[in-house]
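Asks: So you can see what is in the structure, the chains are spelled out below.
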Amino acid sequence: MSETYDFLFKFLVIGSAGTGKSCLLHQFIENKFKQDSNHTIGVEFGSRVVNVGGKTVKLQIWDTAGQERFRSVTRSYYRGAAGALLVYDITSRETYNALTNWLTDARTLASPNIVIILCGNKKDLDADREVTFLEASRFAQENELMFLETSALTGENVEEAFLKCARTILNKIESGELDPERMGSGIQYGDASLRQLRQPRSTTAQTKQQCNC
Amino acid sequence: MGHSDLEGESPQDSAITRDINRTFPAHDYFKDTGGDGQDSLYKICKAYSVYDEEIGYCQGQSFLAAVLLLHMPEEQAFSVLVKIMFDYGLRELFKQNFEDLHCKFFQLERLMQEYIPDLYNHFLNISLEAHMYASQWFLTLFTAKFPLYMVFHIIDLLLCEGISVIFNVALALLKTSKDDLLQTDFEGALKFFRVPVPKRYRSEENAKKLMELACSMKISQKKLKKFEKEYHTMREQQAQQEAPIERYERENRRLQEANMRLEQENDDLAHELVSSKIALRKDLDNAEEKADALNKELLMTKQKLVDSEDEKRRLEIESGQLKEMCRRELDKSESEIKKNGSIIGEYKQICSQLSERLEKQQTANKGELEKIRQKVEGCEKCSVLFNKEGRLKVVSVAKEGSEEDTDEEKEALKNQLREMELELAQTKLQLVEAECKIQDLEHHLGLALNEVQAAKKTWFNRTLSSIKTVTGAQGKETT
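Chains as they are written, first to last, in this note's numbering: chain A, 182 to 394; chain B, 3 to 481.
Because the hints were derived from the structure by calculation, they are not lab data. Honestly, I wouldn't trust all of these hints.
[As the list claims (entries may be wrong)] Cβ-to-Cβ under 7 Å is the rule here; a few derived chain B residues that face chain A: (1) 61; (2) 142; (3) 146; (4) 259; (5) 261.
Where is the CB? At the ideal position from N, CA and C, for every residue including glycine.
Isolated chain B, as found in the complex (with noise of 0.2 Å):
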């Protein structure tokens, strides 16, 4: 058995349940509710109402599982309860309302009739039909009421024979009881049935008594068809008979009746159909607003999407534009660079030359300085002038001292002086001019260093930052 069987849904669950508990309820592993007799005969019938949707599970079944259950593990007694079912033809005395079980009780009274004409005609007198007795017989296979011992040799029988051993057994109980039944009036044939049938075989003397009575009964297959066919032109017959009116009207009522379930199915169905389109359309609202909710997002998506790539676009130009103005701000400044060091440089040039010029000069001046003082040394008056110091400390003594002589030599010298000193004023002049001007130089030079580091710093940054978020941007939109 297969739990897939077992976990299909059968909607007749509780009553399988109801029925498994009145099942053998006085047999020891049948009794508990809950116990492993009880829970195996629940899975087979619960199983087969899964495994035969057409006869679902049938009051009845119950009595042949337990008996199968006793002689079997689970999987086997449901495969042989199926067997039985199927093959041996037991479901059909279920289907169609029982019609092919009621076929079964008129072969048994006809085979009475032919087997024990006597209790035949005492049942007929008494009004007593075999639907009455042989019902539970025959739906359980004689399992319900005999004791187990006489059931599980019915069932062997019923297994090596086929399904017609239980017109034998039903014979054989029938003509086993025929005097009692002979003296009995309707109730009390019914009672007997009830009570001292099933308890005479309580003794196995009986039961096996029984049991060879009834193989030893031969019903031919020929006969019971011969009965089958009898039935059905009887029940013909019946339906022709019937008075006309009568007839429409039991079938108006019959009508009448399958319309009031149709009709109750018909409101249920629409109902569940109302219920579930409600439902349905319910979801399909539901759905649709979360697409129309997708859809809102999508198209926000996609305009971001165009919106990064215009801004993509945009910073991509803007980032060409920095990139060509670094570039340009770069070349401006590396040749202003080169250009102020170029200036430097002359400048630095410019310096050593005036420094020159400046020690030519001076040494110039000194060897003239010198001429003079060899000359004043030379001339008596004015060497007293001189020497001490080198410098021309007495001058107006040897002004006095050498009068006209070196009056013109004094003035030549004197002017001679004063021009050089001239000179070297101009010469200091210069220099500061120059120191100046290298000053200026210089401080030009930081300033353009400063904006070069400057731009440099700054566009790069920007560079860097847009790239960024370009990449960045792209990035995410690329995700």
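One chain only, chain A, in its complex shape (with noise of 0.2 Å):
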């Protein structure tokens, strides 16, 4: 793959069953809705690459699987992510009280600085609305997450979502608050990229990115 970029950021979309989270990626890479998908078993993978405040950013993106008992079998996808799209399906509280449970996963098995974004997805289906706007908002909030509603089905806000959580990394590494040399040896970043960009510019063709997941 001849693409180029500054950085590489590893994603994973995680939420319950029926949430959206393959259709989600798909939009995203894509750029359309993905009419009769099979549910996802075990996980999947996509990779885009963005453009966010100047900066080409290659997101690689694991879409898991969203039942229960798959989290032995997502876990190791949880290491070394930077970022994290935690969905929710605006029409089912179910799905919203388990965000907890995949809110403690994510921080007890991903690096304690991962960067999650609250997606309420198929806000295109607001008659069927269980999970008030204002109720999720206060919950991002008090758990010092990023919030949007999306919709895999129109797009919206499913680019803004993915590209948000990316700037916000980006960000922190800018601001020092994110070492990615540091975070190498424990919880990986997409760090080849990383490093590069440490070392005076040179080649953009990428060396492998190093991934030990």
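Since each chain comes alone in its own frame, lean on the hints to assemble the complex.
Replies: Given below as structure tokens:
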């Protein structure tokens, strides 16, 4: 692959089954809604290069199975994730109530500095809404999460969700709050490009990423 | 599939429903929500989740179930699913945090090392691990992504040969795509697995070749066993090698996590306990209240029974007394009637005696009177006095006429007459007195009869009613 980028971030998409994680990913990568999609078994993978604040960032996104029991399979993907989309379905309170569990998992299994954005998906199904915007934004505030309501069907806020997350990570790196080098020892970011950026700018052709998941 | 299986409440109902909609959604048989295909699929998955509580419903099952459903009726598909899960050992993959699945990944990588070493090394270089591409293959037995005719082949092979054919198929897939995969980087490889690999087998030719390749690969059970052992020793070593602090930290994290979950569970259970305790207490209170009320009622009923028995006894005594009294009264009345009867008889006898005597007297008087008349007729002077009316109308004339002769006689007759008249008056008086007495006695009799009748009637009624009430009360008590 000849894409060039300044950073590589590993992302996770987590949340209860049927909240639209795979569709969010598909919408983000393919720019269209995934009709007739099977439910995810194990993990799926997708990637895209985006431009954030003048930097090109490659997002490697792991889309996980929603059923709780698959956590032990998806656990290895938490390690070294820089950002996560925590997805619930605004038409299903059950998926909203499960957020605490997902959050605990993310905070214990992934880097403690992981940047999480809460996504209330299926925004287009406002008539069947069971979770209000206000309620979810309060939850996000209490748990220091960013928050957006998205629609994988219309594409509304999908790109924004990924970009917002990436931008926050980038800001943290630039402010020194996140040190990719140090993190690399324990919890890894998409680090090859970061390391390279620290060195005087040289070839943009990437060495292979050192994914240790 | 027994209906009892379906009636059990499966906690994963909504999860199943959600996934059924997302199992071969493009396939004609399964595309309609609420259609036959989805309905049967739901039933099988739900039945399995009830049947196998330990595993329950697990994402991925529905693909296998759907493939089976395309070949056989619901009940049979369920049976075959159970067979594959239990006897073929698919359920082992889902157990204990997928430990067996990870072992299978390790075995696959070791097999790759032996059969396709260049690809193995390439994957090593790009840090591509088996769990990233083979999870879905193994958990769904290749049913989720590949064209159905190929899936059918794979399942047939599996049913014939056992679960280890998943290695044959996986190796064949890797081997067939080796040249392409060797050109890819990490992402490229993952993307290649996602689209081009399944796409390749839309050609039946390719699918057939793949199956032939899979069948031709001989993977001995011994080798798999050996790799399994290796995996376990590796895991043990990993556990030991870990820096103690790290290990403890991990352990600690794990324990904290477990602790948190358990606390949550504990909270839930405590809550449940409290609420059920409250509910039970409430039930108990209600039951006690009810019992109290029933006891009270019972006591009251007992008291009533005692009272009723007393009343009954009292009434029995009373009725005995009444009977006795009535009998006495009856006897008395009867004897009175008898007495009255005899009085009446006596009275009648007296009456008849009296009238007899009166008659005698009258006939005697008449005879005497006749004698006198005859005598008077015999006397010329006196005959005038008598004859006309037979009465002594002209006594004064006759007096004069007969003078001395008749004087004496006259006097005697007169005296006699007077005596007789006196006697007559006395008899008449006696008669009147007798009649009075009769009347009096009749009145007495009437009174006595009335009394008897009245006595009879009231006594009867009273006894009857008292008996009625007694028997009525008794009847109530006994019921």
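Asks: Confirm or reject each hint.
Replies: Hints versus structure:
1. A least Cβ separation of about 4 Å between residue 61(B) and chain A falls short of the 7 Å threshold, and the interface hint therefore holds.
2. Taken as an interface hint, residue 142(B) checks out: its beta carbon lies about 6 Å from the nearest beta carbon of chain A, inside 7 Å.
3. Annotation: residue 146(B) was flagged as interfacial toward chain A, and the flag holds, the nearest CB pair being 6 Å apart, inside 7 Å.
4. The interface hint given for residue 259(B) is met, as the beta carbon of that residue sits about 6 Å from the closest beta carbon of chain A, less than 7 Å.
5. For residue 261(B), the suggested interface contact is broken, since its CB lies about 11 Å from the closest CB of chain A, more than 7 Å.
When the structure is compared with the earlier hints, a violation turns up for hint 5 alone.
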